Structures are given as C-alpha cells and as structure tokens.
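**Student:** Taking the hints into account, I'd like the entire structure generated from these sequences.
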Amino acid sequence: MRPRTMKAAPPPGIFATVCTPDVTLDAVRREFPVAGPVDLSAPRADLRGAEQANVLLTVGRIGASRDAMARLPNLSMICCCGSGFEGVDLPAARDRGIVVAHCPDANASAVAEFAICLLSACVRQLPALHRFVADGNWRVARPIPFPRGRGIAGARVGIVGLGAIGRRIAARLVAMEAQVGYTALRAKPESGLTFFSTALDLAHWADHLVVACRADEHNRGLVGRDVIGAIGPAGALVNIARGSLVDEAALAGALAERRLGWAGLDVFADEPNVGEALRRLPNVILTPHVAAETLEAQQAVARMALENVRSHVAGMPVPYPVRPGAERSPN
4 MRPRTMKAAP PPGIFATVCT PDVTLDAVRR EFPVAGPVDL SAPRADLRGA EQANVLLTVG
64 RIGASRDAMA RLPNLSMICC CGSGFEGVDL PAARDRGIVV AHCPDANASA VAEFAICLLS
124 ACVRQLPALH RFVADGNWRV ARPIPFPRGR GIAGARVGIV GLGAIGRRIA ARLVAMEAQV
184 GYTALRAKPE SGLTFFSTAL DLAHWADHLV VACRADEHNR GLVGRDVIGA IGPAGALVNI
244 ARGSLVDEAA LAGALAERRL GWAGLDVFAD EPNVGEALRR LPNVILTPHV AAETLEAQQA
304 VARMALENVR SHVAGMPVPY PVRPGAERSP N
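Each residue of the sequence shown is one higher than the last, beginning at 4 in my numbering.
None of these hints come from the bench; they were simulated from the model.
Quick caveat: nothing in here was measured; it's all calculated off a predicted structure.
Honestly, I wouldn't trust all of these hints.
Distance ranges between label pairs, derived from CB positions [unchecked claim]:
1. ALA45 / LEU284: 24 to 32 Å
2. GLY318 / LEU132: 31 to 39 Å
3. GLY152 / PRO322: 20 to 28 Å
4. THR197 / ARG51: 48 to 56 Å
5. PRO322 / VAL293: 20 to 28 Å
Virtual Cβ for every residue (Gly too), placed ideally from N, Cα, C.
**Tutor:** Below, the structure is given as structure tokens:
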C-alpha cells in the first residue's frame with residue numbers, strides 16, 4: 004500500500020486595514036501573503052477576498068469591531084501596528100478566542116519628541132513669529148510686538164498619563180529644567196515626580212498640560228471645560244494621545260476667548276476631519292497625527308508586528324499581547 008501523502012497546509016492569510024503603516028506592510032509581505040488594505044472604519048466595509056484571512060493588521064484608532072470580526076470567520080489574531088488598541092472590541096475578541104497583540108513602546112520616543120516640539124512652539128509662539136517675518140513686518144515694526152512669554156525652564160508642566168510616552172516626555176522636560184507633575188490611575192513614586200489624583204488638580208497646578216494617556220471608554224472627554232479653564236490664558240495644552248480625550252468644542256471656545264493661550268494638537272476626535280472652529284484659530288498648531296512618523300519608530304513597529312505574526316503563525320504565544328483587563332489603561 005502506497006504511503007499516504009500529507010496535504011500541505013495553506014499559507015496563512017494576512018489582511019490589512021488602510022492605515023497599516025507601509026513599513027510594516029512591506030516587512031510582512033516579504034514573508035506572508037497580504038490582502039487589502041480595506042477601510043474597516045467604513046460602515047459595512049467590503050471584506051471580499053479576506054474570508055480566509057486569519058491575521059488582521061490594523062491600528063488602534065480603527066481596530067476591529069465585533070461586526071468586522073464576525074465577517075472574518077477564520078480570524079485568529081488581531082495585531083495593532085502601534086501601542087494603542089482602543090478601536091478593538093476586546094470582549095468580542097475574547098468571545099471568539101482571538102489573540103490581540105500590539106507594538107508597545109515602539110514609537111514612544113518619537114511621540115515624546117513631538118510633544119516637546121509642540122509645547123515649545125506654543126510657548127514661544129513660533130507660528131505667529133513665523134508669520135510676522137514672512138509677511139515682511141519685521142522691517143517696519145520696532146520693537147517686535149510680541150509679549151515675552153515664559154520659557155519651559157522653570158515652568159510647571161503637567162502630564163496626563165505616565166506610561167511609556169508620558170515617562171519619556173517627563174524625562175525630556177526635566178532635562179529642560181521644567182517642574183513636572185502628572186496624573187494617572189495610580190501614583191508612581193518611583194518616578195520622583197509630583198502626583199495629582201485628578202486632571203483638574205494637575206491643571207490648577209500646571210502652567211502647561213500635555214495629554215499622553217491611552218484612550219478608552221472610561222476617559223472620553225477627560226480634559227473638559229473645567230480642566231482647560233484651569234490651565235489659564237498664559238498656558239498651553241498639547242495632545243499627542245487621542246482626540247477623544249479632549250473636549251474639542253470646549254477647547255476651541257477657550258482658545259477663541261483667550262481663556263487658554265495656545266494648543267498644539269496632533270490628534271483629533273474625528274480624524275481626518277478637523278472642525279472649522281479649530282482650523283480658523285491663530286493660536287493653535289494642528290498636525291495630521293504624525294507624532295510617531297519617524298523612520299526609526301516605524302521600523303521598530305514593523306519589527307514587533309512581524310514578530311507577533313511569525314509567532315502566531317508558528318503556533319507560539321505572541322511576544323507582545325494585549326493583556327487581559329487592558330480595557331482600562333493603568334497609565
């Protein structure tokens with residue numbers, strides 16, 4: 004009797020969303036077949052051709068809804084290409100036994116650098132100074148008609164969230180001779196920084212506020228009217244975390260009425276849509292969610308995502324799982 008030939012297992016299918024970083028896609032494509040990308044944020048997105056996919060590559064703000072998972076019957080892992088995973092329906096993934104992985108800390112230094120850039124640009128009024136020179140006003144205006152603001156050295160800067168990004172922001176601020184305080188779900192005495200139990204208490208203490216915590220269903224609108232008002236007319240608010248954390252209507256109103264001096268925003272509640280109330284203001288700096296977009300950061304994300312995919316396909320535990328109970332971030 005002839006020996007029975009084992010049928011080779013089909014190669015794993017990888018499915019990508021539209022916002023999956025190109026560096027990550029290129030790295031994964033070199034080893035695995037990849038379908039997509041498709042906009043999973045669109046209602047009833049067209050998932051034809053992805054029915055056999057068992058791995059989904061996505062990003063935190065898009066994630067994967069319960070409906071999307073239901074339409075991918077072979078799905079066994081979701082990998083968020085970045086630290087965030089707020090768009091993934093974690094209970095739905097648990098119900099299906101789907102592994103959820105991410106790429107923690109891969110872009111933390113890049114985002115921290117960008118937060119400092121935004122804060123410095125706000126505090127020193129760089130956009131207004133640029134316009135002053137570009138419009139030819141320097142030749143005719145003496146003295147230069149801008150009040151001298153406070154520098155970062157000696158200023159009190161509050162950080163909302165002291166996770167991987169928040170810690171790196173704090174380290175850079177300390178090096179710039181700022182006084183640094185923070186709020187988080189728990190005190191972290193090992194940081195050596197001043198802890199405040201609420202964002203409002205932190206804002207009352209701080210000259211400037213930087214939002215750096217992970218977004219979840221518990222902290223939507225965390226930085227609302229009261230917190231924004233407590234920063235004051237000489238202060239700046241920087242958000243490099245998620246747009247859902249800040250009440251954008253309250254922020255626009257405070258900036259327009261000069262109850263808040265400046266804002267530097269890299270993230271928004273309804274990306275890529277940014278309301279006119281913010282876009283028309285002269286005292287706000289707007290950037291298109293690019294804080295993590297350095298070559299080094301994206302190479303690190305690609306490496307970690309590929310490690311997750313390789314391990315899962317090989318039947319091994321993923322090296323960077325989203326832990327049970329992660330719906331509420333500890334930072």
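**Student:** For each hint, tell me whether it holds in the structure or not.
**Tutor:** Hint check:
| no. | hint | result |
| --- | --- | --- |
| 1 | ALA45 / LEU284: 24 to 32 Å | 30 Å, holds |
| 2 | GLY318 / LEU132: 31 to 39 Å | 58 Å, violated |
| 3 | GLY152 / PRO322: 20 to 28 Å | 45 Å, violated |
| 4 | THR197 / ARG51: 48 to 56 Å | 54 Å, holds |
| 5 | PRO322 / VAL293: 20 to 28 Å | 27 Å, holds |
Comparing the model with each earlier hint shows violations of hints 2, 3; every other hint is respected.
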